[in-house]
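Number of protein chains: 2
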Amino acid sequence: MATKAQVLYDFTAEPGNNELSVREGETITITNQSIGGGWIEAQNSRGEVGLVPEDYVEVGKSPAFAAGGSVPPIDLSFFDSHATASNTQGQVDVAQPETSLTPVTPITPVLPALTSPDETSNGNDPWAVFDTNASGGFSNNWAAQPEGTETGQGGNNAWGSGGHGHPHAYPGPGAEDDEWDDEWDERKSGGFGENETSEGGAINRGGAHGSSMKITLNKFPGFSKSGPELYLLSKLASKGPKLSIYSGEVGPVWEYTEPQLDCVVADPKKGSKMYGLKSYIEYQVMPNTTNKPVNHRYKHFDWLYERLLEKFGSAIPIPSLPDKQVTGRFEEEFIKMRMERLQAWMSRMCRHPIISNSEVFQLFLTYKDEKDWKTGKRKAEKDETVGVMIFSTIEPEGLPDLDLLEVEQKCEQFSRFTKSMDDGVKDLLTVGNEHWKRCTGPLPKEYQRIGKAFQNLSSVFTSSGYEGEATLTDALTAAGKTYEEIAQMVAEQPKKDLHFLMETNNEYKGLLGCFPDTIGVHKAAIEKVREADKLVATSKITAGEKVTMAKRASTMSYALQAEMNHFHSNRIYDYNRVMQQYLEQQVKFYEMIAEKLRHAHSQFTTM
Amino acid sequence: MATKAQVLYDFTAEPGNNELSVREGETITITNQSIGGGWIEAQNSRGEVGLVPEDYVEVGKSPAFAAGGSVPPIDLSFFDSHATASNTQGQVDVAQPETSLTPVTPITPVLPALTSPDETSNGNDPWAVFDTNASGGFSNNWAAQPEGTETGQGGNNAWGSGGHGHPHAYPGPGAEDDEWDDEWDERKSGGFGENETSEGGAINRGGAHGSSMKITLNKFPGFSKSGPELYLLSKLASKGPKLSIYSGEVGPVWEYTEPQLDCVVADPKKGSKMYGLKSYIEYQVMPNTTNKPVNHRYKHFDWLYERLLEKFGSAIPIPSLPDKQVTGRFEEEFIKMRMERLQAWMSRMCRHPIISNSEVFQLFLTYKDEKDWKTGKRKAEKDETVGVMIFSTIEPEGLPDLDLLEVEQKCEQFSRFTKSMDDGVKDLLTVGNEHWKRCTGPLPKEYQRIGKAFQNLSSVFTSSGYEGEATLTDALTAAGKTYEEIAQMVAEQPKKDLHFLMETNNEYKGLLGCFPDTIGVHKAAIEKVREADKLVATSKITAGEKVTMAKRASTMSYALQAEMNHFHSNRIYDYNRVMQQYLEQQVKFYEMIAEKLRHAHSQFTTM
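As given, the protein sequences belong to chains F and C, one line each in that order.
Residues 1 to 607 in the UniProt record's numbering are what the first sequence spells out, letter by letter.
Residues 1 to 607 in the UniProt record's numbering are what the second sequence spells out, letter by letter.
In case anyone wonders, no lab produced these hints; they're calculated from the structure.
Keep in mind that the hints are not guaranteed to be accurate.
Just so you know, same-sequence chains aren't split out, so a pair can sit in one copy or run between any two.
Said to hold, decoys possible - For lysine to aspartate or glutamate, the following EDC-like pairs were computed, each having C-alpha atoms within a straight-line distance of at most 20 Å:
no. : residue 1 : residue 2
1   : Lys540    : Glu484
2   : Lys368    : Asp262
3   : Lys452    : Asp422
4   : Lys410    : Glu397
5   : Lys239    : Glu384
6   : Lys336    : Asp497
7   : Lys481    : Asp497
8   : Lys371    : Asp403
9   : Lys588    : Glu485
10  : Lys452    : Asp497
Input sequences plus hints: build the corresponding full structure.
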């Protein structure tokens with residue numbers, strides 16, 4: 001069966017890999033869809049045949065591509081007409097961009113997982129579009145600032161060149177602006193030996209429920225047809241386990257269970273598939289609950305991330321995974337760094353009471369065998385309690401309903417705080433990155449030169465022919481060598497202290513980058529509730545529906561407060577810990593220098 | 001009496017000081033020579049009248065300007081003819097430049113003390129001319145390298161702008177390239193209330209013995225008519241006290257007397273003269289022998305330097321005084337720095353057994369009253385045992401005569417060593433200067449920014465509204481302030497340690513810069529002795545004179561060896577001391593940082 005397909009992105013064949021270079025817009029003929037591993041075989045107009053990434057081509061629009069089919073059937077079209085009306089009334093506080101108010105159109109098919117290099121270049125910044133149109137609370141500046149630009153420039157050198165030794169700049173996330181992960185090559189495959197073509201065909205995936213839903217939620221939460229009104233006016237009974245919120249000492253809090261889940265990510269092993277054509281790294285993940293290790297590749301972490309984002313992203317900021325990477329991704333240092341960051345990401349997820357107790361997260365950590373994994377995976381992908389519908393499972397226990405003003409004030413407060421903290425964290429990262437560069441670049445060079453100058457002078461003195469010279473020249477040589485040792489210490493110190501400070505702040509930068517998402521959903525909901533009176537007046541909704549909307553906005557606010565309290569508690573813990581660690585290492589560093597110099601000093605004659 | 005005078009250098013009047021601007025080449029009329037303080041009153045062609053520095057004008061050549069009148073009458077003209085002969089014989093090892101072999105011509109009148117700004121710009125580099133023509137042993141590179149170029153560029157900022165606070169570059173000697181000391185305004189005056197016009201007239205000074213002799217010795221030792229042959233073939237009995245050389249443990253040594261002379265330079269006071277028109281700084285100098293302080297201005301130190309250079313310069317390297325300085329010379333920090341350097345210079349002179357026991361040095365330290373000073377000063381200026389004639393007073397006690405080969409080998413050895421050490425010292429100064437810049441510039445700025453970033457984050461955290469935040473924010477603020485304190489410490493540290501390392505090396509750079517002088521005299525003498533055989537063969541000198549020459553070259557070599565041993569002994573002492581001091585301060589510095597960080601660390605909650 002020869003199917004025609006349209007090329008979506010340029011693809012340059014890697015020599016010796018049986019690949020076929022294709023250009024955006026080119027029409028190719030699919031000659032074999034059963035290659036697997038994310039590849040198809042295709043022929044171009046010149047008759048050349050080779051492998052092409054399946055996600056780089058599009059087999060034409062089909063009815064199956066239209067998304068939203070499984071969205072609960074609520075008629076939300078009145079929002080459109082209302083928005084138009086309110087605009088003519090000059091209500092400037094209506095923040096919804098007009099793009100979200102146009103009539104339902106078939107959603108342009110978006111490749112489920114693979115986004116173009118441009119889109120992935122800024123890490124995970126799903127709010128660039130949203131924030132540009134958002135009502136107050138977020139400056140465009142914050143939202144528009146691409147992730148990683150502050151710490152990224154040097155990182156490219158460090159990783160991009162695959163260099164070992166001391167990276168002169170801190171290899172922060174967002175460092176690999178131009179890179180994309182070729183783990184995409186397996187993204188649609190189930191992994192673990194299941195038939196890799198079963199889910200992977202390009203012509204099938206558009207119809208899959210989860211895929212288009214997820215993208216919709218990711219890219220335009222709050223303004224898509226699955227925006228907060230989906231929950232606010234939902235008539236469906238909530239599905240899934242209840243997520244309780246209690247009144248704690250610091251305010252509304254999630255339900256925390258003991259013992260706290262944790263896991264260890266370790267033992268990265270290289271594997272290969274497609275007869276060695278494609279290789280990958282598999283990590284061992286061992287939860288403290290079972291003490292039984294499970295194996296996961298980066299793409300499985302990525303799958304988990306996508307599920308968590310889809311399911312909890314409206315209520316809980318889900319930080320991105322460590323950046324994807326092509327060049328040198330099997331180099332030892334890169335693997336170590338990725339593992340360290342996957343560990344940090346998993347630990348953070350484990351610490352979250354809602355995430356750690358979720359079925360999908362438990363599946364990831366404790367699946368028994370490949371069948372178990374496969375079944376759980378499919379179930380998770382079919383979960384309908386996703387996006388804003390997660391709020392339908394949240395139950396504030398014994399907490400009074402909040403009025404809209406309170407809801408709004410809390411929302412604004414969190415918005416301001418996260419914005420300020422984002423600025424503060426980025427500032428610290430910028431300073432830290434410069435300090436990293438100095439400590440690994442010019443500073444040790446200078447100490448080295450001081451050391452050489454002393455040793456050089458010592459050599460000259462040795463040549464004097466004068467008696468009784470040895471004590472001085474030995475001491476001077478020793479002092480010179482001491483400064484060379486100090487140079488070495490200075491160059492290696494950032495890895496021992498600044499590294500963790502940077503990692504923690506990078507994690508927080510990523511986490512804070514998700515807040516515009518989460519808070520945006522709340523802001524959109526507040527807008528909707530604010531419009532409720534008018535909607536009742538114009539009989540667009542009933543008085544009962546208005547009450548429901550307000551109550552649900554209150555529930556959303558409790559969720560946000562619980563999440564903020566969770567964030568604060570973690571933040572205090574994390575910064576206490578990292579500052580202690582940093583200062584402890586700094587103390588050791590300076591003490592060791594002093595000790596070395598004390599020894600060097602003792603070798604000079606006392607006179 | 002209206003005398004016409006030619007203007008030698010441009011002079012720009014300072015407003016409000018009754019001065020007259022004049023241009024080089026302009027003819028002016030002297031209207032009053034009795035102004036004193038180095039000034040004359042003059043009228044220009046436009047009829048304007050004002051003060052002009054007397055050394056900026058020349059009253060025309062007179063027979064009194066021709067120097068060399070008091071040089072012992074030895075006919076040395078045979079050296080000229082010989083040199084020509086040897087050249088035709090293809091003897092390439094004859095190093096004397098032809099310029100020194102031309103018949104005696106009247107020496108162009110040189111202003112005795114004031115040299116043009118160009119000439120003073122490189123500190124004291126009297127060998128630029130000599131070395132260019134010198135036979136092997138000194139690379140032109142070394143000699144041609146202007147003093148101060150390596151450490152100078154930054155120093156201009158530090159002192160030239162008169163800025164306080166932390167100089168970003170080390171203010172080494174030679175830093176003030178374009179500056180000249182307006183202490184010249186009193187250079188020819190006797191000081192201490194003696195009639196300032198008595199010695200100061202421009203028309204008188206050319207005839208003074210000491211002045212032209214000194215310049216001759218300074219500028220062209222070894223190649224002028226007062227070169228080593230003056231001593232090697234001298235028939236005059238030596239004048240002045242004997243300078244003995246003994247055989248010590250390390251080889252030939254000067255006679256050291258106990259207790260070692262030392263003095264304290266302290267208590268700088270501002271004085272003024274000419275009704276406040278000109279002001280100066282007077283330092284108190286107190287020797288440990290009398291414990292009676294005497295007062296001296298910079299120009300007196302300079303006078304002493306000139307005397308010592310004139311008298312001992314052929315045998316003993318006399319380091320230059322700290323640089324002259326106009327801009328901001330009354331600023332506190334400059335005065336402190338100059339005093340410190342005058343102290344170092346005086347201490348070094350005190351430590352030298354020959355210099356410290358010399359009449360002129362004793363006069364400087366222990367004159368009883370102004371009359372005593374004035375009498376001694378005149379006597380010193382009339383001293384005829386100067387230049388190479390100092391060797392006539394040196395007596396190796398019980399030391400066997402050295403043959404020319406030994407003499408030459410020693411000379412070459414010292415030449416190599418001082419050259420190498422000069423390189424080593426300059427290298428250390430370059431490195432030190434860069435380190436100084438970093439420590440007072442970008443490094444503390446970076447620590448400050450780290451401190452600010454921590455404090456900034458602390459402020460953000462404080463705004464969270466979350467309970468139990470205070471412990472973290474207090475600790476974070478304290479950590480931030482600690483890094484600001486560290487920034488301050490880093491910026492101030494070079495003054496506490498690097499400063500002395502730089503000062504000592506600058507001193508040695510100056511001292512080493514004198515060795516080409518001293519060694520050059522010896523090399524020239526060796527050349528003369530080497531020619532002796534031929535001179536005897538051609539009956540230019542007698543066999544007896546040849547023996548005398550060889551014996552005197554041996555005496556010169558002992559003097560050089562004694563001086564080198566003195567140098568080595570001092571060098572070992574100085575570098576031991578300065579390295580100890582440097583490392584001790586460095587240890588304290590790093591210990592204090594560690595202590596501060598330890599305290600900052602303790603404020604974070606232990607978890």
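Now the hints, each set against the structure:
1. Lys540 - Glu484: neither (78 Å within a copy, 61 Å between copies)
2. Lys368 - Asp262: within (18 Å within a copy, 89 Å between copies)
3. Lys452 - Asp422: between (44 Å within a copy, 15 Å between copies)
4. Lys410 - Glu397: within (19 Å within a copy, 98 Å between copies)
5. Lys239 - Glu384: For Lys239 and Glu384, only the intra-copy Cα distance (8 Å) is at most 20 Å; the inter-copy one is 114 Å.
6. Lys336 - Asp497: Within one copy, since 17 Å is at most 20 Å while 42 Å is not.
7. Lys481 - Asp497: between (24 Å within a copy, 19 Å between copies)
8. Lys371 - Asp403: neither (48 Å within a copy, 101 Å between copies)
9. Lys588 - Glu485: both (15 Å within a copy, 18 Å between copies)
10. Lys452 - Asp497: Classified as between; 18 Å across copies, 27 Å inside a copy.
When each numbered hint is compared with the structure, violations occur for hints 1, 8.
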